[in-house]
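S.K.: Keeping their order, the protein sequence lines are chains A and B.
Quick note on the numbering used here: the first sequence kicks off at 74 and runs consecutively.
Quick note on the numbering used here: the second sequence kicks off at 164 and runs consecutively.
Think of the hints as simulated: they come from the structure by calculation, not from any bench.
Don't take each hint at face value.
[As the list claims (entries may be wrong)] Calculated pairs, DSS-like style, for lysine-lysine (alpha carbon to alpha carbon, straight line, at most 30 Å):
#	chain 1	residue 1	chain 2	residue 2
1	A	Lys211	B	Lys183
2	A	Lys240	A	Lys85
3	A	Lys266	B	Lys217
4	B	Lys183	A	Lys77
5	A	Lys179	B	Lys185
[Said to hold, decoys possible] Label-pair distances were calculated between CB atoms; the ranges are:
#	chain 1	residue 1	chain 2	residue 2	range
6	A	Asp248	B	Glu191	30 to 38 Å
7	B	Glu191	A	Ala228	46 to 54 Å
8	B	Asn197	A	Gly200	28 to 36 Å
9	B	Gln184	A	Gln84	39 to 47 Å
[As the list claims (entries may be wrong)] Coverage of chain A stretches by chain B, computed from C-beta distances (three or more under 8 Å per stretch; other residues unrestricted):
#	region
10	98-104
11	205-215
Even glycine gets a Cβ: it sits at the ideal position worked out from N, Cα and C.
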Amino acid sequence: MRKKQLEIALQKLAAHPSPSAELEQYMTPGDVAATLLHMAYARGDIARRTICDLGCGTGRLAIGAALLGAKKVIGVDIDPIALKIAARNARRVGANITWIRCDVGKFESSGINTVIQNPPFGVQRRGADMKFLHRALKLAGVVYSLHKATPRNRAFIAKRAKELDVKITDRLELDFRIPRQFEFHTRDTYKFKVDLYRIERGDKNG
Amino acid sequence: MSREAINPELLEILVCPICKQKIELKGEELVCVNCGRHYPIINGIPNLIPWEAKSG
């Protein structure tokens, strides 16, 4: 599936009817999701692999991975309403995904090859993004993760990667646009920069 | 709401979030083979939130 086709397919998926500001629930924009998924596909991290989407929300990344030929896909989220919509979205496009309700920080699994995630940016709850990143690196040898592109964040993630003995193989800056959806939003759209990271654990083939 | 079966292959990679041991499908629940905690499956979606599990 070409990147543009994937982006269009993902844009058509249903959104959350009442997103939570505290959980920072906004959908991954279709173009950003398609870029992440195509990069992962090109690196051999999707096809015939077992994929987990942490904080999957309404399922855009998980469904995209299934459409690109993942062997198995698991979507994990704490919010049952988001998961219900995710399951409906997956059925509509014929994607076979297992949805699990769990706190991302507590989720355990064996046999996941790749984590793909768009974690909360940690704006509403400080450190939420790093909680996701730590969990992702416990679960899988390869992680694709989106983080707000600020000098402070970049320095912090680079430092953590060193401490955890993991390797940032790629960092790609992308535009991230979200429509107005929370009360404290005063503009129709918000545009900011995010970094797409690909991070590898040293033992990924072990 | 249709109920979807849990793919048995997925049970091979899901583990109990508390003791990290295997879980098996028993009726409408996932049950940890080690600690016996029960995790409900609601509308086809397993709930593995540790503090919502029933002890075995």
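S.K.: All hints, please: hold or fail.
M.R.: Verification of the supplied hints:
no.: 1; hint: A:Lys211 to B:Lys183; in the structure: holds, 13 Å
no.: 2; hint: A:Lys240 to A:Lys85; in the structure: violated, 35 Å
no.: 3; hint: A:Lys266 to B:Lys217; in the structure: violated, 43 Å
no.: 4; hint: B:Lys183 to A:Lys77; in the structure: violated, 40 Å
no.: 5; hint: A:Lys179 to B:Lys185; in the structure: holds, 15 Å
no.: 6; hint: A:Asp248 to B:Glu191: 30 to 38 Å; in the structure: violated, 45 Å
no.: 7; hint: B:Glu191 to A:Ala228: 46 to 54 Å; in the structure: holds, 48 Å
no.: 8; hint: B:Asn197 to A:Gly200: 28 to 36 Å; in the structure: holds, 31 Å
no.: 9; hint: B:Gln184 to A:Gln84: 39 to 47 Å; in the structure: holds, 41 Å
no.: 10; hint: 98-104; in the structure: violated (count 0)
no.: 11; hint: 205-215; in the structure: violated (count 0)
In summary, the numbered hints that this structure violates are 2, 3, 4, 6, 10, 11.
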